[in-house]
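Participant: Here's the letter readout for the chains.
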Amino acid sequence: MKSFADPVRNYLSAVERESSALPADRRQELLADLAEHIEVTRTERPEATIGEILAELGDPRTIAATALAEAGTETPGTRAGGGGDGPARRGKVHPLVPLLMLTLSLPFTMIFNMGPDATFNPGPVFGFLFRVTGAVLLCTSVHWTAVQKTTGVLLTVVVPTTVIASWNVISGWAAGETQALLGNLGVLALMVGTAVWLWRTRRA
Amino acid sequence: MEPGDAGKQARAAAQLRKGVLEYCVLALMRDRPRYGVELLHALEESGALATSQGTVYPLLSRLRRDDLVTTTWQESDSGPPRRYYALTEGGRAALDEFAHVWPGFRDAVDAFLATPRTSNGESA
Chain A
1 MKSFADPVRN YLSAVERESS ALPADRRQEL LADLAEHIEV TRTERPEATI
51 GEILAELGDP RTIAATALAE AGTETPGTRA GGGGDGPARR GKVHPLVPLL
101 MLTLSLPFTM IFNMGPDATF NPGPVFGFLF RVTGAVLLCT SVHWTAVQKT
151 TGVLLTVVVP TTVIASWNVI SGWAAGETQA LLGNLGVLAL MVGTAVWLWR
201 TRRA
Chain B
1 MEPGDAGKQA RAAAQLRKGV LEYCVLALMR DRPRYGVELL HALEESGALA
51 TSQGTVYPLL SRLRRDDLVT TTWQESDSGP PRRYYALTEG GRAALDEFAH
101 VWPGFRDAVD AFLATPRTSN GESA
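Listed in order, the protein sequences are those of chains A and B.
First residue of the first sequence? That's 1 in the UniProt record's numbering, and the numbers climb one at a time after it.
First residue of the second sequence? That's 1 in the UniProt record's numbering, and the numbers climb one at a time after it.
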């Protein structure tokens, strides 16, 4: 509805303008929080006017100033029980990215595998790159503890790579299609299971 | 009352609030996760801790970045999904620590405020 949307949009753009010194992700988060607040308050107190709701939220300048002050007082490692990962706590990659890269590396390898005789074999090459990148992103992410990261890398990279490599060596690339497929699916199930576990236990 | 008095009082209250607000917010999450509007209601009702509502969101954002709280989205029967805030172990530890030092702090301030002028250590 136009009558609601316009004051809200004006208000949020005022906050956006005033908080232009904030890093973009912080600014977007702040705007999303305020937008959610306005929506929730409107459903919980339908009798309140949009003007009242915005007045209670306060002056956009005050909110922006608080956000800037909070951004300035941040001292990584001194809070949250001290210690922590120090400078490594910079990774701002979405937690889905490493999980998808790790899990999809195997189907990618399977689908684009041209066999051992091909001069360029995109499946295994990119599958391997996906797996390495996924592992690095997982390890530098802020969303998991060191133990979770180690378990994740072990179950989605080390174990699958070892199993598949030794399978190939033992069978000498000569195993039946069905056997290979079953083996791959088994390993894939392990990787998907691990990825789901990591997704569920991640820190927001 | 002089024109500046109300402003000075407000500034004193704002200074005090700045120090304790985050622990009060953490305390509100002690028993169960809460969503933003819910937290603001509770602060509003307390009177002394009521603040310009929008300024609490940057605070919540910092608590999350400092790993004192985690957030999850939950669907609601009415209206949009709400972002729920819950204490982490670190948040609980910070809250316990504050709860531990606060009584001594409060008593010390009370003692200063209650001290009669005559017993200030100079000759009485």
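Since the hints were made in silico from the structure, they are not lab data.
One thing to keep in mind: the hints can contain errors.
[Claimed, not checked] A few chain A residues facing chain B, derived, Cβ under 7 Å:
id	residue
1	40
2	43
3	57
4	63
5	66
6	67
7	70
8	171
[Claimed, not checked] Distance windows between CB atoms, simulated:
id	chain 1	residue 1	chain 2	residue 2	range
9	B	72	A	128	30 to 36 Å
10	B	16	A	7	42 to 48 Å
11	B	103	A	129	57 to 63 Å
12	B	19	A	13	30 to 36 Å
13	A	200	B	7	48 to 54 Å
14	A	203	B	111	40 to 46 Å
15	A	161	B	31	42 to 48 Å
16	B	93	A	136	29 to 35 Å
17	A	45	B	72	20 to 26 Å
Ideal placement from N, C-alpha and C gives every residue a C-beta, glycine not left out.
Participant: Broken hints, numbered, in rising order?
Facilitator: When the structure is compared with the hints, numbers 8, 10 turn out to be violated.
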